[in-house]
Amino acid sequence: MARAADSELQQHNAVSRLHAAFSLPRRGFFKLMGSGLFVCLARPGAFSQESGKAGRGRHELPTTIDSWLHIGDDGEITAFTGKVEVGQNVRTSLAQQVAEELRVPLASIKMVMGDTELTPYDMGTFGSRTTPQMGLELRKVAASARSLLIETAARNWQAQPTDLVVAHATVHDPKSGRAISYAELVRAQKLTKVILDDPPLTPASQWKMAGSSPLKVNGRDFVTGAHKYTSDLTISGMLYGKIIRPSAFSAKLASCDTSPAETLPGVTVVREGDFLGVAARDEISAQRAAAAIRTQWEVPGQISERDLFSRLRATPSQSQSESGDEHVTGAIDEARAQAAKTIARTYTVAYIAHVPLEPRAAVAEWKQDFLTVWTGTQRPFAVRQELAEAFHIAETSVRVIVPDTGSAYGGKHSGEAAVEAARLAKGAGRPVKLVWTREEEFTWAYFRPAGVIDVKSGAQADGGLVFWEFDNYNSGPAAMLTPYEVPHQRIAFHPADAPLRQGSYRSLAAAANHFARESHMDELAHELGMDPLKFRLKNLTNQRLRAAFMAAADKFGWGREKSSSGRGFGVAGGIEKGGYIATCAEVSVNREQVRVVRVVEAFDCGAVVNPEELSSQISGAIVQGLGGALFEAIHFENGRILNPHLSSYRVPRFSDLPGIEVVVLDRKDQPPAGAGETPLTGIAPAVANAIFDATRIRLRSMPLIPNGLPAAGANP
Amino acid sequence: MSFTLLVNGAAYSLDVPPEETLLSVIRERLGLTGSKYGCGEGRCGACTVLIEGSPVRSCSMKIGAAAGKTITTIEGLASGGSLHPVQQAFLEKQAFQCGYCTPGMILSALALLEHITAPTSEQIGRYLDGNVCRCGTYPRIIEAVHAAALSRSKPNGKSRG
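Protein chains in written order, with our numbering: chain A, 1 to 716; chain B, 1 to 161.
Just so you know, the hints here were simulated from the structure itself, not pulled from any lab data. Idealized CB from N, CA, C, for every residue including glycine. Hints are not guaranteed to be accurate.
What the hints assert, rightly or not - Derived contacts from chain A toward chain B, CB cut-off under 8 Å, selection only:
no., residue
1, 281
2, 284
3, 355
4, 407
5, 435
6, 437
7, 440
8, 526
9, 527
10, 531
11, 619
12, 623
13, 657
With these hints in hand, go ahead and build the complete structure from the sequences.
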């Protein structure tokens, strides 16, 4: 599965190269921090243990630092991470974990995030890694800092470290009654400590701050409008940018007349090859200047939506062996004959858009040859690299800063707006802000991949699965393996030469693969005349997923009488990114109108760091997942997006909201897993299965009902 | 052209092109960036402001149409360091994730509570249906509006608005 995930990353990240370059903190960084205790955590084996005064030389720092922490002589604690906040609440949940290990109030922690100059290198905020990996790193750093503080106090007092205790940012000696605050302990010191070993961590069963649900640490700024997203920033002398877009994808600029714009006061036109943009003193002037430019584009013929699925099936972009995503056990060909019931079905998923409410935006400023860009991205270090390459400068001449961002959902891995703003700023000789329009965001960002998934399966009369064949074309390999026990399996991912730019989307292909697998399991259960939940449990030994299914089914009342005709129940579940998900849905169907009336979702992601925000992530993922399940789809023809507006691309609203009940299975004995993605994966198949239960109409394409329920028999 | 805007109790005289939108003026000229651009066609509600107490999509209104009228933006709600009850309820109910829709959502909710002091969940959903929360925190927002209604109804509670 890890292999599949890596391949997913390679395939779907718009910036594909992910070398582990590490930016050493500049000398200025240490000056900024002043005196105090500075603790870094290096991965074991990567570096020999060193400690000493800071500033003796950069070479002392290891190359695989994941996080660091500073305790100032004013008692302020600053934790640094390359992760970014895009609404998933990690600014708060990471601070909770630092506060927990340091035994300090949450308010005393300051998180510095997503700044390539100040924070350690980080590959990016994706893949549900922040909680299991960065949370763990920061807990280790904080726990190590706590041990160091105890050791320092013990030395001062000539006491045994084991006799001392910490609470409320103070080390106490219960025997002598002495106490000293962290601030006093680190005063006048300038200590840098690199930690390699794994310090003992506070077990989840003893958590007090972690495991609780404090309000967002900067929540007040969001309800007052004070928070500055990238699109809200202004800097001195700043101009406003606007890009003149091609009339279609892959278009070449045949000719253009920029002179009408150039004569406007205060307008700079920047043209480099097919890049064409303007910078002006305000937004309206930039819009006028852009509108004044006349362009002609040469548009090559391109694949349209009606040919999408045949195209994906017909044009593998690389050989299967290269893709490396084939999983085989047993002997499928011999097993077919052992099955009492076999079926073969095809499922499809459409391209969909992330629609982050804050579109791509960037503010770029050149000072001599040093470039600073503020931008909303999930991958500040990759965007730094993108900028360095675009302008042929060293990465050390670029700083990327990510203000807490108006959502991303996997859609902001790349730095398009950052590069464009920097190009305009360079041309204009002034800082430039560029905010994409909604139409630009719908057109020039990237999409969740469309896909075709063929599933063939067979079972014995008693419901025991015999064989399982699963071929995913283009949508991706995430969560492609089945959690059910099947002796004979062949599961493969086939990358394709896809017609639209595609990339990561919350849960990656797990949503598509769960849709295909869990729909198919339902179909097979009905063919066998078995209850869909019993059929799953019969073929499932994983105890955590079984527990999730049982918890969801119990809360939902699986098997109870339906309140009226036209109601249907559906169930789906799976395992992804360390999370165990089970979803039950109830739909009501009235003529062609389908309404999802109730959803119960059980989720186990190990020990829970922040229960209220976890529950919000789960219900939010269900709502977002409903969009892709029911009606979201990007329509395109010959290199143009046909519905690049919210008036033509439907997203879930209050009126689409079902009753949502979340069951969180808090496993304090298990390490925390990420929770931003996997809760999205169960909803589409659960709803499709519920629609079948209500109508006997099997829908095998996401979105399921973009135009209401099709007539019976209209299935492909 | 010259326009006078009355925003959050202050009067501003501005010389701006008449085709400029209210959203662009309050964000760019007045620096009140709490109102957000989301879609540019009045379909997401992120740009919502109150004009004479009614919610308006400021991205789709030309500046001239707002001139001389009383405009409230998210920056005008808190006073003397204390949050408006609707803001307080959104904060306490954790009714947002990325927060980008929150200013528009709060202003729409406030306008609803001016019409209906104790709305049902259905009434809240209907009234706020033009405000998109892409993070999907709709259940929390409904809870927050209920909480705000309750807090405003208490005789000793804060009842500004």
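Hints versus structure:
no.: 1; hint: 281; verdict: violated, 10 Å
no.: 2; hint: 284; verdict: holds, 5 Å
no.: 3; hint: 355; verdict: holds, 6 Å
no.: 4; hint: 407; verdict: holds, 4 Å
no.: 5; hint: 435; verdict: holds, 7 Å
no.: 6; hint: 437; verdict: holds, 6 Å
no.: 7; hint: 440; verdict: violated, 10 Å
no.: 8; hint: 526; verdict: violated, 31 Å
no.: 9; hint: 527; verdict: violated, 34 Å
no.: 10; hint: 531; verdict: violated, 30 Å
no.: 11; hint: 619; verdict: holds, 6 Å
no.: 12; hint: 623; verdict: holds, 3 Å
no.: 13; hint: 657; verdict: holds, 5 Å
Violated hints, listed in ascending order, are 1, 7, 8, 9, 10; each of the other numbered hints is respected by the structure.
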